[in-house]
Amino acid sequence: MARNGGASTSTNIRALELFFALYESRKGMTRAELAREIPGYAGLDDKALQETQKRDFDALSAIGVRFDEEPDPDQRGRIRIAPDSVAPGTAIEFTGQQMTLIRMAFDAWEGNAVADPAVAETKLRASSEAEAPASSSSTVIGGIEGSPELSTILAAITRRQPITFTYTSSSGRMERGMDPWNLIIRGRSIYLWGWDHDRQDDRLFKLSRIEPPVELVGEAGDADPAPPSLTNPFDDFACEPLLWQRVGSTIPFLRECEVVADGHAPDGWKAVRGRREEWGVWAQRLISHGEDLIPREPVAFVRALREQLSIATKATMTQDGQNFAVVAKEEHAHA
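First residue of the sequence shown? That's 1 in the numbering used here, and the numbers climb one at a time after it.
Just so you know, the hints here were simulated from the structure itself, not pulled from any lab data.
It is possible that part of the hints are untrue.
[Claimed, not checked] Ranges of calculated distance between the beta carbons of each label pair, as one might list FRET restraints:
no. : residue 1 : residue 2 : range
1   : D224      : D58       : 27 to 37 Å
2   : D222      : K54       : 35 to 45 Å
3   : E297      : T250      : 22 to 32 Å
4   : V260      : R306      : 20 to 30 Å
5   : E219      : E51       : 52 to 62 Å
Where is the CB? At the ideal position from N, CA and C, for every residue including glycine.
Just need the whole structure built from these sequences, with the hints factored in.
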């Protein structure tokens, strides 16, 4: 399945391509070399290429990957991943075969927008706040928590072959079987997305909670592909929330937001429409400014946030805001 390049390629996929291109190159690469090497940059003009590369470097920097840029005869600078970005003793040393599988998997990852918003309500139910078992052999790739089973999972995605594995969630340890569709990087974690044979629905599984070994089942081509109407499920959990802000409070991320009419706002409060961000981003913001902000819409987001705060009164709340939607939706599914 061919994948479109340039702007139609998601930042997640391009950023992973960028990471692995630099990871594989011991001496580093120039920006021009990266433009030729990474399919997601194909067809971009100079301005778009510069802006896109900056977004991708920023995305990797946000999860803890650091870069060294050294002088180069072509005056463009040679970039490499800083050695201390990959923690000693926990880095994955990819073989040539594994790198090939990774590149093949990238070529199979694409999707379109979810047409029905109601479908999004069922997407994020597989992960939870339960800690991975102490025996978990999760690994870290440049600050991204992954799994030693990565190459097997990539092979299954590429070959469209079903897999089985043991997974630990808030419900305990269980055997799962699935048709794997995609890997999604979110925050410092990687999630496996696919069709869950047991639940008969699509699910997300956090790689660090998948216990080795991951077993290939059947033959290549036996797994059904993702429906063309589906895309990265996290994309459906973004909103422009309606908030009540305490009059006189100073909140930097609301300075340029629109004040809207809301006859239901109590005295001393004003209604503000926030800019579009993921649920996890807004969850962190609201928690850090809880005395001055009250979320009102969308209803699904407000309900999930309240459920999560209720859970937090009994246990330590996750510090990874990017996982908020996953956690909230699983709790909603089991309610």
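Each hint, compared with the structure:
1. D224 x D58: 27 to 37 Å: holds, 36 Å
2. D222 x K54: 35 to 45 Å: holds, 41 Å
3. E297 x T250: 22 to 32 Å: 23 Å Cβ-Cβ, so the 22 to 32 Å window holds.
4. V260 x R306: 20 to 30 Å: holds, 22 Å
5. E219 x E51: 52 to 62 Å: 43 Å Cβ-Cβ, so the 52 to 62 Å window is violated.
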